[in-house]
Amino acid sequence: MIGSDLGIAYVLEEIGVHTGLIFVRYYFTALMGLKLDVIPIAVVSGWVTLLYIAWVITNLLIDGSPIPTRHTPSLIVLRAVVGALVVTTFDLNYDPIAVENGWWVWLDGDSYFGVPVHNYVGWLRSIRVLSSSRVSVTP
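The sequence shown maps to residues 1 to 139 in full-length UniProt numbering.
Derived by calculation from the structure, the hints in this document are not laboratory data. For each residue, glycine too, the CB sits at the ideal point set by N, CA and C. Please note that a few of the clues may not be correct.
Said to hold, decoys possible - FRET-style restraints, in silico, Cβ to Cβ:
1. I97 to L36: 21 to 29 angstroms
2. G3 to S65: 18 to 26 angstroms
3. V77 to L21: 22 to 30 angstroms
4. D108 to S65: 38 to 46 angstroms
5. G3 to H71: 33 to 41 angstroms
6. N101 to Y52: 36 to 44 angstroms
7. L107 to A42: 19 to 27 angstroms
Make a model of the complete structure from these sequences and hints.
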C-alpha cells in the first residue's frame, strides 16, 4: 500500500505541476526542501501519511473499526466517497496555510484563500480513485 501510494502521489504531482491537469497550474518553492525533479519529497510522503489517516478515519466512520470489516459493492463506493471527503476537508485547511507560507504557488486564481477551487475538485477525484483501491487492504 505505501509503495504504490508513493508512486501514485509522485505521478499525480508530476502531472499536476507539468501540465496543470488534475489540480491546475502550480509550482513548489525552494522552501519545500529536497525534490525529485520538481516534486518535494515532503509532499509525496505527506500524501502517504494523509491517505493512511483518511483510510483509518473512513473505516472508523463506516465500520466502527480502523480496519474494514464489511465488503459490499455499496460500501466500496461509500468508502471511496468518504475517504475523498476526509482528505479534501484536510486540504481545505492546509492548502491556504501552504500558500500563505510560500511553500507553493498557484498560477491560476485565488478563489479560496489563494487556492483555486479546481484544486479541491482534483483532490476529490484523485482520492476517490485511490480510496477505491483500498477496499480489502489491511495495514
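Review point. Within 22 to 30 angstroms or not, the Cβ separation of V77 and L21?
Key: holds (24 angstroms)
Check your understanding: Range hint 18 to 26 angstroms: satisfied by the CB atoms of G3 and S65?
Key -> holds (24 angstroms)
Check your understanding: Per the hint of 38 to 46 angstroms, is the separation of the Cβ atoms of D108 and S65 within bounds?
Key -> holds (41 angstroms)
Check your understanding: Quick one: are N101 and Y52 within 36 to 44 angstroms, going by C-beta?
Key -> 24 angstroms Cβ-Cβ, so the 36 to 44 angstroms window is violated.
Point to revise | Beta-carbon spacing of L107 to A42 - inside the hinted bounds 19 to 27 angstroms or not | key: holds (21 angstroms)
Check your understanding: Has the hinted range 33 to 41 angstroms been met by the Cβ atoms of G3 and H71?
Key -> Since the Cβ atoms of G3 and H71 sit about 23 angstroms apart, the hinted range of 33 to 41 angstroms is violated.
Review point. If you check the beta carbons of I97 and L36, does the distance land in 21 to 29 angstroms?
Key: holds (23 angstroms)
In summary, the structure is inconsistent with hints 5 and 6 from the numbered list given earlier, while agreeing with the others.
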